[in-house]
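Q: Chain by chain, the residues run as shown.
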Amino acid sequence: MGNDTIQPVDSRGKRQIYIGHSVLQFLKENMGILIGLALLCLILAIKSPVFLSRANIFNVLRQVATNLYIACAMTMIIILGGIDLSVGSIIALSGVVTGGLIAFDGASLAAAVTSGLVVGTAVGAFNGFVISTTTIPPFIVTLATMNIARGAAYVYTGGQPIRVMSDSFNFIGAGYVGDIPMPIIYLLFIVLISFFILSQSKLGRHIYAVGGNSQAARFSGIKIKRVIFFTYLFSGLMSSIAGIVLASRMFSGQPTAGQGAEMDAIAAVVLGGTSMSGGSGKIGGTIIGALVIGMLSNGLNLMGINSFWQYVVKGVVILIAVYVDYFKKNVTT
Amino acid sequence: MKHIRKQFPEVLALKDISIAVMAGEVHALLGENGAGKSTLIKVLGGIYSMDGGEIFIEGSKTDIHTVHDAQANGINVIHQELVLVPKMTVAENIFLGREPVRHGTVDRIRMNADAKTLLDSFDLDIDPDINLGELTIAQQQMVEITKALSFNSRILVMDEPTSSLSEKEVNFLFDTIRKLKKRGVGIIYISHRMSELFEISDRVTVMRDGEYIGTVITQEATPERLITMMVGRKLTSYYTRTYSRLSEKILEVKHLSDGKLLNDVSFDLYKGEILGFAGLVGAGRSEVMKCIFGLAPFTEGHIIIEGKQVRIQNASEAMAHGLALVPESRKKEALFPVQSVKFNISIRILSRFIKGIFVNDRREEAITNNYIRQLSIKTPSSEQTIGNLSGGNQQKVVIGRWLATTPKILILDEPTRGVDVGAKAEIYAIMNKLAAQGMAIIMISSELPEVINMSDRVVVMCNGSVTGCLPKEELNQEKIMHLATLHGMPVQS
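Protein chains in written order, with my numbering: chain R, 1 to 333; chain H, 334 to 826.
Wrong hints could be hidden among the right ones.
Claimed, not checked - Simulated DEER-style distance windows between Cβ atoms:
hint, chain 1, residue 1, chain 2, residue 2, range
1, H, 454, R, 135, 38 to 46 Å
2, H, 694, R, 311, 38 to 46 Å
3, H, 720, R, 27, 21 to 29 Å
4, R, 136, H, 594, 51 to 59 Å
5, H, 720, R, 110, 48 to 56 Å
6, H, 709, R, 311, 34 to 42 Å
7, H, 695, R, 170, 46 to 54 Å
The set of hints was computed from the structure by calculation and includes no laboratory data.
Here the structure is a predicted model, which is why all the values come from computation and not from measurement.
Where is the CB? At the ideal position from N, CA and C, for every residue including glycine.
So that you can see chain R by itself, here it is in the shape it has in the complex (with noise of 0.2 Å):
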């Protein structure tokens, strides 16, 4: 302590250049599960000509879109120290609702698009209303809306798919700007929000200050329901999103769709490292995640392997990936 007053700063600081120094901070956090993406990417290139052809590339993107709406979501709520299983059933009741309008009322596209958007952002409103003013935990409170909004779903369409034909409504999930699929554009704005949220805005040290220590967040003042409340929500928007898009591209909104999707989007968010228990993790991780549960189930199918057994690398790959990680941050600490 050289001076002898202690005073808040006014200088500017010094230029330092941070993309440089993020880009390598993010090769070195994620290097693991880089050198495993890689890895698959070498052996399904080599194993089929296929893999690395547009159509295929563009395919598994797809499929890995409508995860990757939720899991940006799911690590958000990871992160905050919570759960939410009931996306699944958020998928399945926006599309149905949507699909629902469509066939059955002749609504608008937009109309039933907006009401789609509104019943799954409520479900998740829902969740984040009693989570921030209750003390009943996430896991149980999302275990019974994902129940209620999967029942809804069946209540609605009486348990028959709902088919719609409509090329306008088609097109928000299978049609094209340019070459680009319509969900990779979606994918593209989900992704860069999530991304502003968490790592440039308030909000998202809000929600890393709450996942790491909820009563050290109050006493500095946070809104800690606000914050709750908001991430579920936005969850749930995430989800209805995922569910339209879905509907859209089978032509239907089934009241079955989106069943365990809540466990694709939680195991990209933890094989991006993010941790359990909350208070740490990122999206860019949660994006390579869902990347190599695409790809790996992309490239079984090319090598033709039985679908079931596809479950089993899943769980597998999963386990030591995660253990991976584990070790990894218990060697460096």
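Put chain H on the given structure of chain R with help from the hints.
A: Quick look at chain H alone, frame taken from chain R:
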């Protein structure tokens, strides 16, 4: 223990340490955080294996590789953090892992009777059949000691046993230690509280940076000499204080009650002063601060800041009124442990460098580095994970977080708890500077020497009421303790 050496991947944690503990002796181990005390204890307790050296117990060379080896040789360690199971009964905790068995099932009757006998031998009035979680921290600590001694300990290690105890409970612990001495148990005692060492220990061994510095007979030592040995340099002064209280009143608390503990609490705070808050644990000092800060509700009373009555509902409103609170429990209430030093400092002032989605990294870095420098926070960089810093540096980060909000009133709740001597002196110097700059500081502390040497005035609380307010000239331990244990009528300050 002779010539003990312990090598970690990156550092040599213990360099040729030798220490001898006599039967019936309390041997204090003193050193700053990171000096190697805990490592040495872990080697003795069988948690770490040593890379060189020998351990002799009652003259014969003994190999200790596991916790079991240590216990078999009569060595027991009471760790700083309690390692008991709150949802099990006292007896179950004492006999955990070695329950008396009859016909293949646990013999609860015998277990409770044995536990009772053990507890009685220390005059502890604790029912062995109630859940541990229902006991006070001090009682739990006694259970832990009882458990350690039930192994027929010849050597007992206590790592900061008093850090969560009140004055009264400490006295009780010391009585227990004296009983153990009479039984011929050798005790290794680790503490940061200088006054305790002088009260309870026979000899003190000082360590610094993994090296043995020296052993002195406690009665022949002075605190100054021990501190010099610990930090390796002469601290010009331990308590820094230039009194410069201004006459301007900044905070008035009038007749504050919360319907539970607090009853008619009133006091004033002036610019440039350090107002000490003394009292036993549970006297309601932290609760008063939480009421002021909007973290707890109160039923009656007024809070007046700079002449205006305020009604604060949450911590961010408190901040807007120029208040800052460094809470009692760093780990539970202040730190974001997996985040960086930078994140932890800047979390309250995000609006200064984040506009929408545009983060001014340079500005954030500048603000952070400013506090790292001015508070001399020892960290490799601002990106360091805060969980890896020592307690003293973590505390300085939390202080920095609140100073960044440019408060007018700084409330420090036990600012030096779990902080080593060198960092304590630095925190005192920081407090002194802030007060000299005109900041009004409230310091809650259970360490009487700290309260007496740092405060302009001291408010003493007991059972939720203010029992006195003493000016600097009248401060002494007896007077404060008298007021702190006065369960009578509140006295007007």
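Q: Check the structure against each numbered hint from earlier and tell me which ones fail, lowest number first.
A: The structure conflicts with hints 4 and 6, although it agrees with all the remaining ones.
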